[in-house]
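**Q** Chain A is fixed; fit chain B onto it per the hints.
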Amino acid sequence: MNTPRIRYSEKSVLIIEDFAEFARSLKGMVHTIGCQKVRTVHNGEDAIQACKEQKFDIILSDYNLGDSKDGQQILEELIHFNLIKTNTVFIMITAENTTAMVMGALEFQPDSYLTKPFNGSLLNSRLDRAVSKKDALAPAERLMRKKQWQQALETCEKTANDFPKYRMACLRQKFECLRGLQRYDRALELATQIVNERPIPWAMMGVGEIFVAKKQVERAIDLFSDMIKEFPMVLEGYDWLAKLLYRKGQVLDAQRVLEKAVERSPKALKRQKLLGKVAEENDDIETMANAFRQAVKFGNNSAFASPDEFIQLTKSIGMQLQGVSDKDRTKLVEEAESVFDKLDTKFKRDPTVQFRSAVAHASFGSITNDEKTVEKYLNNANRIYDRIEEHLGSKESIEISESLKNLGQNELAESILEEAFEQYFDDPQFIAKASQLTTNKHLIENSKKAEKLNNEAISYFKKNDFNSAIDFFAQASEIAPNNVNINLNFVQSLLKRSQIGTNAAKDLEQAEEILSGVTRLSPQDSRFARYSELNRLTQLMLQSL
Amino acid sequence: MHNSENIFSTILASTVHDMKNSLGMMLEALDSLLDKLEDSKTDPKYGIVQYESMRVNNSLMQLLALYKIENNQLPFNPSYHNVYDFIEEQILIHEPLLKAKGFNYTIDVDEDIEAVFDESLISMVVSNIIGNAIRYAHSEIRVSAEIDERLSIIINDDGPGYPAQMIELVGDYMLGINQSTGSTGLGLFFAQKVAELHSHGEKSGSIELANGGKLGGGAFLINIP
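In order, the protein sequence lines correspond to chains A and B. Just so we're aligned, residue 1 is where the first sequence starts under UniProt numbering, counting upward by one. Just so we're aligned, residue 1 is where the second sequence starts under UniProt numbering, counting upward by one.
Where hints are given, some of them may not hold.
Covered, in the sense of this in silico footprint (three residues per stretch, anywhere, with C-beta under 8 Å from a C-beta of chain A), are these stretches of chain B [unchecked claim]:
| no. | region |
| --- | --- |
| 1 | 92-102 |
| 2 | 132-146 |
Keeping only pairs whose Cα atoms sit at most 25 Å apart, straight-line, the calculated DSS-like set for lysine-lysine is [said to hold, decoys possible]:
| no. | chain 1 | residue 1 | chain 2 | residue 2 |
| --- | --- | --- | --- | --- |
| 3 | B | 203 | A | 116 |
| 4 | B | 99 | A | 27 |
| 5 | B | 36 | A | 27 |
| 6 | A | 229 | B | 203 |
| 7 | B | 68 | A | 267 |
| 8 | A | 273 | A | 248 |
| 9 | B | 68 | A | 229 |
| 10 | A | 116 | B | 193 |
| 11 | A | 147 | A | 133 |
To be clear about the criterion: a stretch of chain B counts as covered by chain A if any three or more of its residues have a C-beta under 8 Å from a C-beta of chain A, and this derived list gives those stretches [as the list claims (entries may be wrong)]:
| no. | region |
| --- | --- |
| 12 | 27-37 |
| 13 | 108-118 |
Honestly, the hints are just simulated from the structure, not real lab data. Glycine included, C-beta positions come from ideal geometry on N, C-alpha and C.
If we strip away everything but chain A, and leave its shape as in the complex, we get (with noise of 0.2 Å):
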């Protein structure tokens, strides 16, 4: 077959293989195809950070590697943190057929599956395939993945034309194209004539997306009931079908359904926390506690690795606690000690999760009646307290000052609530929960003012009369000082109105001024991707006058 030559001796190669006989034979073969720029890691670890290093063009990774992170794993962390070109080729290298694996997500899927044994010619052809291939949509998925969906969708369409060979691939980057420029009926015809044809599985999980979007929940939920009968490998459906049905209310079938795909794939973080969640739901304490095992376990190896998993753990276990055996109780008590000890070891440097730790420890040390314990931590904590810079999330407001309440420590609990309540007064499920626990109700009072006032500013953005939104939000932010949102609405408002108004310099002073006053913000929030974007432009502008 006429594939176009392939200049290897100029490509990059990262071999990560475990076994050192394995590795170098690979690399013999590599080697016979013209490859010249190789270089070989032994663990999931080295991959990544030989990727942080250096972009490689062509990456052949063993599936299992022993102890260390997974093929699969060492796949998604490269795409997730960006550490792979768009047209990088990677070949996943498996003991097993993979039809006896289950597949990993279907955004992360490897350009190409090798059975081992397999020899260097064939290799060769795998290679040849997959750099033409990844090269001929290269176009696209650059645009696609800086979302300029509508030249990204001229560019596939044109892909397509100029390679018939592709047709399948571009027909899912076009998908993709019109799901970003929300064409849902169109994007819904595509995928649905591709199913009638044949179903297969990204185009029957589109179908069931676009459902979703559509917020069309029964249809989705008889599409992703029929997609894990017809692919139960895939365990996307089941994702879906369980969120789907958590929503309807149906929380036992959604945890019947988590419970399926966990049973065909454990190691999957997300999957094992969300049942943790459901299970809890439906005081299921067992299968909580069995699924943030895993969670923590399977979290190890993992870049996706959060603290919630550890605490919701220990909690689990503290719950697990009544009416046990005292045999079986001081194996519990010294399971949820070594998760602490992980915890702690784990993220040693951020006293967020060290502040946290340390209330659920004390909590878990009441639960056992332990008061030596409860009051080292109390201690523990209040120390920590002070030295926190950033602001606690939501969530983790509401579960550290319920404990704390517990525990009796009110003047502890009111303070952090106090400044949750500022800063996620417009989060209805927020306000809901922490109005049951403060005992301040100028808190909850306050808090429904200045989301008013925040409202009344954006309604006059939008109606572009930015004199009138600064003259809110200077109010809401009197109320709410630390308030994250208030203070970059601000400042968006003070950039326009230094656009079109007459005194651009003050304007932009004072811009520059609110922005020096969040300082809290951690570079991991939701909201700090907005806020280092309104500094670069505040920056541009002030430069500019």
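**A** Relative to the frame of chain A, chain B by itself:
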């Protein structure tokens, strides 16, 4: 959650896995040993080792897959594939042996056709049949594919062909078992099962055996709707 079928399946899977690893390590070790000896890799005996270990490997995979089919544990992942690319790869799997035995091969497939099938299952079937063809034929194999209502992949060789009773008894492989020739019935039984898994609407897949064809030897055909 853990019934005994599940446990057996897990043990079978991990044992197959382990045997495959052993096999792989034996081959690796042999390769690095032979690297120290001149011309050893062109010795026909090296080809025998490679071919036989590939057979062991394939049989293990087929056994495992069959077990899973029988217990409804085998997931089925149909997807669109370019048929030419797919067939070329099935031949490349055997390239070292083809070279060692001096075989010619032809692929007669339209380069633009795409079809829907489970790649790894059909690959196990086709590459196994190609392996057998190389074992029994003189010097030539030919793989072709046609698509109209269904996809048909045909593997021809210039060997002595299938024994008459085997052709008559397609569907009853127990009778095809003949330990003196090494015919275990596994390959064809597996092919039949995989073809049946590929059903679409009312239509189900099938296999056919014949003698003659373009090269005068055995002809194997798998139909995928």
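**Q** Taking the earlier hints as the rules, which of them does this structure contradict?
**A** Violated hints (numbers, rising): 2 and 3; every other hint is consistent with the structure.
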